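Visitor: Residues per chain are reported as follows:
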Amino acid sequence: MWLESLFYQVRGHTILQDLNLEVQPGEILAVMGRSGSGKTTILRLIMGLIRPTSGKIWIDGEEISRRSEHELMPVRAKMGLVFQNAALFDSLTVAENVAFGLRERGQAEEEEISAEVGEKLALVGMEGTEELLPAELSGGMRKRVGVARALVMQPRIMLYDEPTAGLDPPTAASINELIVSLRDRLGVTTLVVSHDVHALAQVADRAAMLEEGKIVAAGSLSELSQSDVPGVKQFFLFWKGETGR
Amino acid sequence: MQIRFEVGDAAPLRNFAVQVGRLAEAALAFVGDVFSLGLEAVGFIARGGLRPRLLVQQMAVIGADSLLLCALILFFSGMVLGLNTAKELVSFGAGSYVGGMVVVTIVRELGPTLSGILVAARAGSAMAAETGSMVVTEQVDALRALAVSPVRYLVAPRLAASLIMLPLLTLIAEVFGTVGAYVVSLQAGVSPNQFLHSADVFLTGRDLFGGLGKTVVFGAIIALVGCRQGLRAAPGAVGVGRATTSAVVTSIVLILIADYFLSAAILLPVTPR
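Order-wise, the sequence lines are chains A and B.
In terms of my numbering, the first sequence opens at residue 54 and continues consecutively.
In terms of my numbering, the second sequence opens at residue 2 and continues consecutively.
Careful: at least some of the hints might be erroneous.
In silico SDA-like links for lysine to any residue, alpha-carbon gap of 20 angstroms or less [stated by the list, open to error]:
1. A:K109 <-> A:M126
2. A:K109 <-> A:R120
3. A:K131 <-> B:A148
4. A:K131 <-> B:V180
5. A:K131 <-> B:V149
6. A:K131 <-> B:R145
7. A:K131 <-> B:D142
Derived list of chain B stretches under chain A, where covered just means 3 residues or more per stretch with a C-beta under 8 angstroms from a C-beta of chain A [to be verified]:
8. 137-145
9. 166-177
Everything labelled a hint here was simulated from the structure, so no lab data went into it.
This structure is a prediction, so every number in the text was calculated from the model and none was measured.
Even for Gly, the Cβ is constructed at its ideal location relative to N, Cα and C.
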């Protein structure tokens, strides 16, 4: 994945300016920044949900920034996005949510779909919840179902938007373990955006700091914590250097 | 004669022109959106992209769930129409024309427009509210992220269901409207034979199929306006509420405007029997 000189403006307000970011195959890259710094915007641009004002987005060797909605479909099929609030379909059960993409593509029989759904729910620790509705799940459970829904499409790239936001520490830790184990088991290239340094320390191979619409520092978390850039320094003020990796 | 024109005088006129310009721009954008949404949805329908389960669900919401209401409204509207028509015509000794006049009015106008307005209020608001809620909770973005077209999944089934169910709903409701008019006409002194005979003489296939044809257009208006307003909902509960209200009001206005032009196309030129 490569974002090249991205600019994104909306109603005269610049969200991203001259943003350059590269994610290597199989790595977990974390993008950190304050609330409202444009982290979610990066994910939405990569997914093609919004278009950049200028710049290029390369996914698996294809430049996608000017593609039509129809042309973006095969690109999106290679990616999975876990929304901050999971964005589950509230009128469908857990099983129907996870099976959704497979059913809509019509590429598998019902028995295969059921087997896939069961496998992915087990992978995220949500066996036995198939008949529940999203409203009956906790925040952490919804996120897990969101991960399963994205994974069932066998993406090569996974995007996570604040995966541990609003979760209690044990649940957040289990989500972080899941992100790492999915990369280790399935080899997916992963981009995680968050403002939670402690959580990112559990998952990231490499990190990039977003400030005023630009990447101002990049490297390992240890390197970033030693950075002299004032915004980066302040961000790492309370981090004691623990990692789970 | 000298006319003095000072810069300060131009401001209200300029402001008015700007407002008119903005309104025109918004109206054109709306029309463009609705047409483009309709074309895309029809494309999916034509290519067989509809899920039968979704279509049947929407047919139940639009048709079956609205039937009782439409039947009730048309029944009582038919009674009022029968009462007013019979009162005037019987007093002139023209009671034999009552059946024809009320049935033609119900089939040409009352049935299609009342059914359209009721379905716009009931199902059109639901479409806007459902799609709007999905937009503000990122479910529409989730559809796109899963490489599923929101037009295929949300709009096409609603459009197809509206095109199928509104004519059927109207036909059934018109029967109830006719029964209501018949009951009242009898009480006003019109004989059953007079009512039925004049209805048979006056009502033509053009009236019936023209009226049902209008409901196809009304159904398209309801589905496309409802979905368009929902998909454009501003964030939050207020945004969804506004989208819902706007969908109903806009649909009703467009139905009434379309009704005139469609009626003119069907009925003109007027020729003596």
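Visitor: Let me make sure I understand: some of the numbered hints might not hold for this structure. Which ones are they, in numerical order?
Guide: Numbers 4 and 9 - these are the hints that the structure violates, sorted from lowest upward.
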